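Chain R is already provided as a structure; the job is to place chain U on it using the hints.
Top to bottom, those sequences are chains R and U.
Residue numbers for the first sequence follow the working numbering, so the first one is 1 and each next one is one higher.
Residue numbers for the second sequence follow the working numbering, so the first one is 1 and each next one is one higher.
Just so you know, the hints here were simulated from the structure itself, not pulled from any lab data.
Source: prediction; values computed, not measured.
It is possible that part of the hints are untrue.
In the DSSO-like style, the derived pairs of lysine-lysine whose C-alpha atoms are separated by at most 30 Å in a straight line are [stated by the list, open to error]: (1) U:K199 - R:K311; (2) R:K305 - U:K199; (3) R:K311 - R:K67; (4) R:K217 - R:K229.
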Amino acid sequence: MKRSRFVMSLLAGALAAAGTAHASVAYISNEKDDTLSVLDLNSWQVVETIEVGERPRGIALSKDGSKLYICASDSDTVQVMDLATRRIIANLPSGADPEQFALHPDNRKLYISNEDDALVTVVDTQTHEVLAQIEVGVEPEGMAVSPDGRWAVNTSETTNMLHWIDTQTHALVDNTLVDQRPRHVEFREDGQLLWASAEIGGTVSVVDVPSRQIIKKLTFEIKGIHPDKIQPVGVKLSRDGRYAFVALGPANHVAVVDANSYEVLDYLLVGRRVWHMAFTPDGRYLLTTNGVSGDVSVINVDDLKVERSIKVGRYPWGVVTTP
Amino acid sequence: MNLNTCLYAFNGVVKREFWRFIQQRSRFLSALVRPLLWLVVFAAGFRAALGVAIIPPYQTYITYETYIAPGLCCMILLFNGMQSSLSMVYDREMGSMKVLLMSPVPRSWLLVSKLLAIALISILQVYAFLGLAWLAGVEPPLWGLVTVLPALVLVALLLGAIGLFLSARIRQLENFAGVMNFVIFPMFFLSSALYPLWKMRESSEWLYWVCQYNPFTHAVELVRFALYQQLNLPALAITLGCTVLFTLLAILSFNPERTVRAAPARG
Chain R
1 MKRSRFVMSL LAGALAAAGT AHASVAYISN EKDDTLSVLD LNSWQVVETI
51 EVGERPRGIA LSKDGSKLYI CASDSDTVQV MDLATRRIIA NLPSGADPEQ
101 FALHPDNRKL YISNEDDALV TVVDTQTHEV LAQIEVGVEP EGMAVSPDGR
151 WAVNTSETTN MLHWIDTQTH ALVDNTLVDQ RPRHVEFRED GQLLWASAEI
201 GGTVSVVDVP SRQIIKKLTF EIKGIHPDKI QPVGVKLSRD GRYAFVALGP
251 ANHVAVVDAN SYEVLDYLLV GRRVWHMAFT PDGRYLLTTN GVSGDVSVIN
301 VDDLKVERSI KVGRYPWGVV TTP
Chain U
1 MNLNTCLYAF NGVVKREFWR FIQQRSRFLS ALVRPLLWLV VFAAGFRAAL
51 GVAIIPPYQT YITYETYIAP GLCCMILLFN GMQSSLSMVY DREMGSMKVL
101 LMSPVPRSWL LVSKLLAIAL ISILQVYAFL GLAWLAGVEP PLWGLVTVLP
151 ALVLVALLLG AIGLFLSARI RQLENFAGVM NFVIFPMFFL SSALYPLWKM
201 RESSEWLYWV CQYNPFTHAV ELVRFALYQQ LNLPALAITL GCTVLFTLLA
251 ILSFNPERTV RAAPARG
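Okay, chain R solo, but in the shape it has when bound (with noise of 0.2 Å):
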């Protein structure tokens, strides 16, 4: 079985090596650099970095990848970049301090959370134009939309809540309370279960979403590791089903979780404060985005082993990858 694993690798790496005219790459949103790293995802070597506006915090794809969204926090605006190009082509009204945000799969209507006001504002890609402002609680971060389409869902770190906002009507339906100060949400690919992490709680919640209860609480314990400093942040559903992942913050671990049974089958050291994460396009390898080391950690998904960690700027916060 090892064995068979370790030949397929090697077959799989001498493809990757032989097939790759167009490198696929991740971007590296770097928080107090302002910049965006990129990293080449076959020499694992940060091959441009690009100045972008203030802040970088949550980044996202178009769904036909050829646009990046980045939330530019302080100069409240989220900017979009051609990726052909590499070139900023627009910066999107998205109301103060954007932090997080969600693209619906129309790939036209953004959901993001405005930290300092307690917003949602949703903006059309396309048109540049804000079609609403929710209010919810108070300094919204983690944001989601649902795979088909219909819910949209918010973090509000301090409130404590998942706030349920209808994408038809743009109406805040229901929520859910959570433990404290939740920072992301990850909706299942088949939409029926979302993923919580509580950063203060030290905890991540599986809700079910046609009923918006929370079925399970999943709890963290590192050996040598204070409670204190288990704070989830990041979640990544692997796209076998097999596995969650869980960013822990200043534990400097990422939890590997049995997403059927969801039992804690392993931490792997990281770089200091995991936040945010990322799959290879080929889904082989995850990437983290590590803080206050100013690395990205590489995972190995097959094994579950840490491979690699990467210099890029300072305090890395969001990353994406593009085939």
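Frame of chain R; chain U shown alone:
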């Protein structure tokens, strides 16, 4: 001296060392328990003490256990090299050494055979340790377990040669305690086995340089890099150079003229 006689002598020395090893099972156990204690107990206590930084050959963040494992492999080689030097003192006192040294085979060959025998046994123990360390979560690449072998052989020869050289200078068994205090401990602690040298430099510049001039530091680094399938050329050059030097010194110390001249002085 023909090849057959040489092989016969080599065979004899290696076999004798193996029998001694098998008979002294407690020695085998203690050789394993010592580094395991460090790995499990010491590393647990010091886990947080090590600064977070990536240093070659590692490509990402590592646990303290992972950091000290190569140093502990070398610790096994160090203690074995020195313990075998103790056995030389013992042999000389008990007379079995005289029998060996009286054989018509060149002494240099006997000593090299002895060095290789010590190395073989030490390396068996290192692999046993690496197997147990794997269970404790120290998982170097599998091929690294192969590439580390030549490094282990060279380091075992180096430490065995230092041990032999010292044993020629020790006249009495009790002096081995002195070897522990003045050779083993300083060599081990003033090296990169337990802490990276940049960490040492933060607290003391001169200690850092002492560590830099300690051949054991380079032996540890050679093994550390080899375990991760990399070659540390400066470490290889220094380890190789020191091995040749100390082997020559050991052979010179066991020079028959010297021992004959030294003999009346003892009586």
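Okay, the hints, checked on the actual structure:
| no. | hint | in the structure |
| --- | --- | --- |
| 1 | U:K199 - R:K311 | holds, 20 Å |
| 2 | R:K305 - U:K199 | holds, 26 Å |
| 3 | R:K311 - R:K67 | holds, 25 Å |
| 4 | R:K217 - R:K229 | holds, 18 Å |
Hint violations for this structure: none, all hints satisfied.
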